[in-house]
Amino acid sequence: MSGRRTRERILETSLVLFNERGEPGVTTNHIAAELDISPGNLYYHFRSKDDILEQLFLRHEAALDEVLAVAGDTLPELEDLWFRLHTLFERMWAFRFLYRNLVELLGRNRRIRLRFARLLGRARESLGRVLSGLALRGALDAPPEQIRATVENVLLVTVFWIGFDAVRHGHEASRGADLAAGVYQVMMLIAPLLREPERTHLLRLAQAYRR
18 MSGRRTRERI LETSLVLFNE RGEPGVTTNH IAAELDISPG NLYYHFRSKD DILEQLFLRH
78 EAALDEVLAV AGDTLPELED LWFRLHTLFE RMWAFRFLYR NLVELLGRNR RIRLRFARLL
138 GRARESLGRV LSGLALRGAL DAPPEQIRAT VENVLLVTVF WIGFDAVRHG HEASRGADLA
198 AGVYQVMMLI APLLREPERT HLLRLAQAYR R
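Okay, so the sequence shown: first residue is 18 according to our numbering, each after it adds one.
Possibly wrong hints are sitting among the right ones.
[As the list claims (entries may be wrong)] Pair by pair, the computed Cβ-Cβ distance ranges are:
hint, residue 1, residue 2, range
1, P56, G180, 28 to 38 angstroms
2, D67, P161, 39 to 49 angstroms
3, R139, M205, 31 to 41 angstroms
4, H218, P56, 52 to 62 angstroms
5, R227, R26, 14 to 24 angstroms
6, L131, G57, 49 to 59 angstroms
[Claimed, not checked] Only pairs whose alpha carbons sit at most 16 angstroms apart, straight line, appear in this in silico EDC-like list of lysine to aspartate or glutamate:
hint, residue 1, residue 2
7, K66, E83
8, K66, E40
9, K66, E107
10, K66, E94
11, K66, E142
Rather than coming from a laboratory, the hints here were simulated on the basis of the structure. Model, not experiment: these values are computed from the prediction. Note that the Cβ used here is the ideal one computed from N, Cα and C, for glycine as well.
With these hints in hand, go ahead and build the complete structure from the sequences.
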């Protein structure tokens, strides 16, 4: 394998193992054994497991930033909000190991903690702009302080949903389909703020996520 391909395979394999087994239970030796390479070969590309974790987080951060980007020249539609929520949960599920052990991981890795805090700030700003844009469009009826509180509640449910789901069902029973319940919960937080007919439309969309 070329050096670049080896590095890529290490990241791909690490992501699979972290998601399947939980990050704390996977060592660099496990990753090397799965790839049938020596630990020394792995350490040639990554100095430590934390180095692997940080590179995976950078990929996850970039994927979420694509979802959080909001065009500044047009007011959002309700469909924009629904699509963002759906895609956000999908991309979080692809890196679900981060959220199953989030507090512990952030507590021991300062670089990821700082980057996650900045990512959370961008998510807060993005969602706030979408909800405020819906208010300007006349689709949402809520004062700014209620919009801010709703944004915080949405972030709370979104960030901790995968961990909550793991606690409820365990890693083995947790499935991607369980994210539908998370999307539904977030939609139910936003629905009371909407005017008609947007509220009815959102509730209709939400039915697809009921389990």
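Evaluation of the provided hints:
no. : hint                            : result
1   : P56 - G180: 28 to 38 angstroms  : holds (30 angstroms)
2   : D67 - P161: 39 to 49 angstroms  : holds (40 angstroms)
3   : R139 - M205: 31 to 41 angstroms : violated (24 angstroms)
4   : H218 - P56: 52 to 62 angstroms  : holds (55 angstroms)
5   : R227 - R26: 14 to 24 angstroms  : violated (39 angstroms)
6   : L131 - G57: 49 to 59 angstroms  : violated (31 angstroms)
7   : K66 - E83                       : violated (26 angstroms)
8   : K66 - E40                       : holds (10 angstroms)
9   : K66 - E107                      : violated (25 angstroms)
10  : K66 - E94                       : violated (42 angstroms)
11  : K66 - E142                      : violated (32 angstroms)
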